[in-house]
Every structure is written in C-alpha cells, then in structure tokens.
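Take these sequences, add in the hints, and give me the full structure.
There are 2 protein chains.
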Amino acid sequence: MNYPFAPQTKNYESSAVRDILKVTQQGHVISFAGGLPAEDIFPIEQVQIAYEKVFASGKSSLQYGLTEGFIPLREAVQAKMEKRGIFSHPDNILLTTGSQQVIDLFSRIMLAPGDVVLTEDPTYLAALQVFRSYGANVVAVKSDDQGMITEDLKEKIEKYQPKFVYTIPTFANPDGKVWSQERRQELFNLCSEKNVLILEDDPYGDIQFHQDEVYQPVAALDTDKRIVLYTSTFSKSVVPALRTGWVTGPAEVIKLMTQAKQMNDLHSSSLDQQALYYLLRDFNLDSHIALIRSVYYERMKLMKEYFDKVGSGLFTCREPKGGMFMWVEGNEELNTTALLGEAVKKGVAFVPGAPFYVNEPKHNTFRVNYSHSTPEKIKLGMERLVDVLTSVPVATKTI
Amino acid sequence: MNYPFAPQTKNYESSAVRDILKVTQQGHVISFAGGLPAEDIFPIEQVQIAYEKVFASGKSSLQYGLTEGFIPLREAVQAKMEKRGIFSHPDNILLTTGSQQVIDLFSRIMLAPGDVVLTEDPTYLAALQVFRSYGANVVAVKSDDQGMITEDLKEKIEKYQPKFVYTIPTFANPDGKVWSQERRQELFNLCSEKNVLILEDDPYGDIQFHQDEVYQPVAALDTDKRIVLYTSTFSKSVVPALRTGWVTGPAEVIKLMTQAKQMNDLHSSSLDQQALYYLLRDFNLDSHIALIRSVYYERMKLMKEYFDKVGSGLFTCREPKGGMFMWVEGNEELNTTALLGEAVKKGVAFVPGAPFYVNEPKHNTFRVNYSHSTPEKIKLGMERLVDVLTSVPVATKTI
Chain C
44 MNYPFAPQTK NYESSAVRDI LKVTQQGHVI SFAGGLPAED IFPIEQVQIA YEKVFASGKS
104 SLQYGLTEGF IPLREAVQAK MEKRGIFSHP DNILLTTGSQ QVIDLFSRIM LAPGDVVLTE
164 DPTYLAALQV FRSYGANVVA VKSDDQGMIT EDLKEKIEKY QPKFVYTIPT FANPDGKVWS
224 QERRQELFNL CSEKNVLILE DDPYGDIQFH QDEVYQPVAA LDTDKRIVLY TSTFSKSVVP
284 ALRTGWVTGP AEVIKLMTQA KQMNDLHSSS LDQQALYYLL RDFNLDSHIA LIRSVYYERM
344 KLMKEYFDKV GSGLFTCREP KGGMFMWVEG NEELNTTALL GEAVKKGVAF VPGAPFYVNE
404 PKHNTFRVNY SHSTPEKIKL GMERLVDVLT SVPVATKTI
Chain W
44 MNYPFAPQTK NYESSAVRDI LKVTQQGHVI SFAGGLPAED IFPIEQVQIA YEKVFASGKS
104 SLQYGLTEGF IPLREAVQAK MEKRGIFSHP DNILLTTGSQ QVIDLFSRIM LAPGDVVLTE
164 DPTYLAALQV FRSYGANVVA VKSDDQGMIT EDLKEKIEKY QPKFVYTIPT FANPDGKVWS
224 QERRQELFNL CSEKNVLILE DDPYGDIQFH QDEVYQPVAA LDTDKRIVLY TSTFSKSVVP
284 ALRTGWVTGP AEVIKLMTQA KQMNDLHSSS LDQQALYYLL RDFNLDSHIA LIRSVYYERM
344 KLMKEYFDKV GSGLFTCREP KGGMFMWVEG NEELNTTALL GEAVKKGVAF VPGAPFYVNE
404 PKHNTFRVNY SHSTPEKIKL GMERLVDVLT SVPVATKTI
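Those protein sequence lines, which keep their order, are chains C and W.
Each number in the working numbering corresponds to the 1-based position in the first sequence with 43 added.
Each number in the working numbering corresponds to the 1-based position in the second sequence with 43 added.
In case anyone wonders, no lab produced these hints; they're calculated from the structure.
Warning: the hint list may mix true and false statements.
The list that follows gives simulated cross-link-like pairs (lysine-lysine, DSS-like), each with its CA atoms no further than 25 Å apart [said to hold, decoys possible]:
hint, chain 1, residue 1, chain 2, residue 2
1, W, K96, C, K96
2, W, K298, C, K53
3, W, K352, C, K102
Structure representation (structure tokens):
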C-alpha cells in the first residue's frame, strides 16, 4: 500500500550516528563513534538507593504526574542552574525526556516550512534533523575558534530573519569548541537588539576539565528571561537511562512548550524524576561530576597522545577543554566516510564528520568519543585506528 | 516581546480536563474528573522488586538504549497482544512514553494542515487536540450504541478522503461505548477497501467486567498488517508513572514513527522499560488485572446506584462494560459546564461533556471516573453530587 504520509516526512533522515552504532554493535569493534558516557563509573548503588526512597514514599509515587514535571526536582534544577548564574523559577522550568525533547518541542512551537534557523557549522546532527523535519531551512553562520563571527551573524539575521539561533557554546558536539566570553556577549546583544530567540544547548557544561576557567552560559546574560531558552540534561552527569532533561526561558515560550509536551506524551517518567530528586538531595553530585571530569580528562589525554604521534605529519586535533568528543581533521583529499569501512574491518569505529555540516561537508574530518571506552580499550582501539590512518596517504592540516 | 510562534500553535488548546484537575487539587474536593487508576491497589512491592532486578543486572542497564525500546519488553508485548489475537513481531513494535505519544507521533508523520481525521463523537479530547495541533480538520462520524454507523462512515470517507480513522472501540473514553463485532468488521472492510488507515486506541481493553463477552481488536482483523495501527499502554494495567505504551502496525508506518521518535526524544525511559520486563516475567499480571476488574466493577456499581436513584426522573447513564468512565446525560436545557462551579463549591468534581465533542457539544452531558476513588470517597462524593444534581431543574433523557 502507498501510505499517504505527510509531506514533511520527506525531510526525515535516518541518523548516520545511529546507523553506525548498529554496525558497530558487533562485539569485536571498539567504537569511538557514539556519544555514550562512561558506564564503569555510573553511580548505580546511589541510583538504586534513590529508587528505594521513591518506593518508600508510598503508592502515590506511581500515579500520573504533572506535565511540567515533579516540583521538588524542578526546585533542585533551579538551584543547580543558579550556580551557573541562571536565575529562574520552578514554575518556569519544564522537565523533559532528555534535552532532545527540548529541541523538538521548541522547534514544534516555532517552526513552519520555510522558516530559517541559524546554527554553527558543524553542529549537533540530531538538531539539524529536527529543524529540517519541520521544514525549516538551516543556515550556517561563519565561525572561528571563538564562536560565531559576529559580523556574519548580524548579516544573516538581517538577511534571513531567523526564528532562532541554535548553539552549543560550551564543549560543542561535534568539535568540542568553547565560545569566548566576548562572542557570547556579542551573540546575546545582537539577538537582544534584533529580537531573535536563542536556543542554548548545554548538555556538556558540567564536564569541564580546567576549573580555573569560567564559561558563562549565554542564558546568564538574559536576566529578563526574554530571548534565551536554556536546556541541559542529567544524561551526562548522572545516567542516560533516566532520560531527564529540562528547559527554562521566557515564560510565554515555556508555557507553550508545556502545552506541546502535554499533547506529545502527557509527562515524562515521574518515577525517574522522583529518583533524581532524592539523588540530588542526598548524593554528592558535585564530587561525582569531579570524578567524571578526571576520568574523561585522563581518557582524552590518552587518546590525544596517539593522534599527536600520528599527527606529526598526518592528522591534527585540538585538545578539548571538556565534554565528550575530539574532532580530527586530515588533508583535504581524505574521505573519512570511505575510511570508516576500512576502520570497521580492523575493529574500530568513529563518526565521519560530513553529516554534522550544514552546507558543504568537510569530508576530511571525523569525531571520536573518549568518554565511553576504558583506557585499555582506548589503547587497543587507537592502535587499530592509527593503523588505518597511517595506511592512507594523507598530509597534515591544522584546524 | 512578541514571540514569532509557528502558525499551528493557534490551534493549541489548554486541556479542560487538566485545568479542572488543577482546581480540584484542593484537598476538600472529591474528584471524579480525572482519568486516574486506583492508587490503593498499585502493586508497589512488585514494582520495587522489578527495579531491584534491573539494578542487579549491572551498570549497562543505566546506559542509553534503542529508540525502538528494550527488546525483551517488546517480546513480552508481542506475547501479550497475541492473547488478543494480534500477531506482530518485536521488530515491528515501538515502545513509547504512554500511548499519548503514539497518537502524537502517528499524527506527526501523517497530518498536514487541511487533512481530515474521522472520529467518533464524543471522543478522547487529548486526541482531538493533537490532530488539530497539526492543522487537521476533525470530522465526526455518526454513531449509535454499536459504534460508527457504516453508511455514514462510507459517505465521509468518500467525501473527505481522510488520512485516518481514530477510534477507541472498547470501553471508549469518555462514554464507555463498546463496538459490536459487526461494526468492527464493517469498519475494517470499508477502510481496507478504501485504503484508509485506522488508529485503534485501546488503553482500557484489559479492564473488562464480563469475562463471557469477547471484544476482538480491529487490529486482529488486519492479518496482513496493512491498515491498522494498534496502541495500548501499561498505565492502566500496571502503573501510570512508568509511562510505557506501545504501537504496532504496518512496518513502513512503524519505521517512520521510529524516526519521528528518535527526533522527538531519542528513546523513552529504559529503566522503566526494563523494570516492566521483569514485572511481566515474574509477576502474575493477569491476576493483578483480575483484581483491577473486580475493584473497578464494585466501584462502578456503587456509583451507578446513586445515579439510578436520582435518575428515576432526572438523569440517565448506561452501565459501562469495562474501562474507567461513566457517561451521564440530563435534559437538554442542562449546562454541565455551569453546573461544575456549583459542584466544586460543594466539594465534588466531574468533567463536563462539551470538550469531548467534535462538532456541536451536548452541554447536558458529563463524565465521571469511578476507578480512582475508594468506596468511602465515592459515597461521600456521590452524596454531594446528588445534592447538586437534584438542586437544578432537569428531566430524564435516555442515551
């Protein structure tokens, strides 16, 4: 039968990352492809204790909950954000199924076919897929190591009148970039002046390697809660299975997103939200995050050593200051999508950079994840990867 | 600031049920308004044991999962559906955040502004809200006690070329209706012939009071899995907080819904899905469902007694054969929306019937829920409600 699907489904793309993950679930492949946190340091005992507290609180913990989410957890989220300089109110926080749902709900209430979204390039590919699924045109703003270039942003805001700007200003996926304070301020000033909304995606902000540096969320500049939607998640700082993210921002926008969420799924798992509340209340999450930072830093350094060794003459990567990803660039003739086949044959996987690009993909780039694999696996996987990388004729290019 | 929301947000409506629930959360009001299952019989110990098994299975239980959902739970869902005559395959089952998410994802891949959806009248109001949020026109098919009237359905399929027919054929929300076997077959035959999809919403099918009767899901007729999407949930048979629903149907449709879900939230809570798997494996869910049935039957009978007493000369309601709701109709001049204010003042709440209607609302109808309140609360609440009902001048009308 020829199903009469809605026209916008033509914009659906299967996720390259997801397809690759499927391939690499063969046991012998060491995968640096996904975006998975380190399982070996999951605080499973603490999570279990938190659930026991939920059940001890009685049967009403198993009833339907509010669309907005469990109130005490929203209060805890507020307190957490205040440490980063974002002042909100529990009534103005919506709990979601991961921050992915924030990207989707916000797009749903903002985007109609033909609308424009401005993004970095490369950027989070699942966000690109969402924007396009609503028929939006994604336009990339020119960027350098400091963030979006303000002049180009200004020009594109004036030319396209975008519905919003999407950015991951701290430890970006895929390229690990951190915006400078100056560019954050310029982004905020410009959007504020032009009345353009900003969706600030901050899933990795907690995973900061150098405690002497300060990365102020753009949302912290928006003291009137007028133009910045700020989203983050517990998937990276606690565990992904709880699927709990949140968003705060202008009250009118949050209210409409709440209505959209009510239609979407009534509410997210309230058991998970209650467990997270007890976890945040009774468990030293800050010291757990400190553990995550030190473990990820060590793994990143280990992985980087291999690239640096090969890189002297072949590949270059910038050392990330946090987050979960390293971005690698080879010479211009290299095609990492083609290289992936070779790599998987040798038992290692990465994500080719191309699908992360908005416009012309740089086929000579790829992303590796250092958080998920143990040091032993990183060593073995990197030996394999070095083997693959040095077997192709390439030249260095610095990014 | 004047936010540039997408045009389709103009179709968003705040849920009347939800607004009422907020009002009735004042402690003194006995609410028959919501659609909540009975908390007092939640199998909390068994749910807790199931979670302990998840944690005992190791840290990988806390990692990201598949968009489609936890495979062993999909296998269990398949086995559960086979008892109702629906033969599917785990690859063709998508686990969701409640069946609400099924209604939303299916609408998302099917509906563009101006498309038509055919429904019963009255029907589940949150489904109406979803269809309209995608810009669809909802057209009601004439119905009687047996289900949609086939002649009218045929006429409207030919006239409107609808994207799909939405129906709750067994213990409908709000009016508790059960379709006859003949009408189920006619619906299926007609849609099959005309290539029209059917979304069969079956959240209450398990809560069947009379075990000698058989209600065959429409999906059981669709042996080729060509036109029927079947959705159900564990919210009513286990507990709502786990937020786990599912859908099965044509492979091509399920695949596209899976892509939509990936963009929507990557995946639902995998902890909840794993716990449900252990619960279904080790707990006698059938005997728990038998308990639910007997408890709800007793509560329904108790509530009905009060209406019957008043009804002799004033109100009428049909005895439901299952589900969670009773539908009451008074004389034509009655306005139950106006009456609600009086009722809440006297400490009892119901849902006025009007928002459940597609076209002309019958303002003399209302819905009461009998599952959530204990017998003591039902007695107290019904005394209050009878007081309100008998204080207005009304006349009987049989539905």
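Verification of the supplied hints:
1. Our distance criterion of 25 Å between C-alpha atoms is met by W/K96 and C/K96, whose separation comes to about 16 Å.
2. At most 25 Å may separate the alpha-carbon atoms for a hinted pair to count; W/K298 and C/K53 meet this at roughly 14 Å.
3. The suggested pairing of W/K352 with C/K102 is violated, with an alpha-carbon distance near 34 Å, which exceeds 25 Å.
Hint violations for this structure: number 3 only, all remaining hints satisfied.
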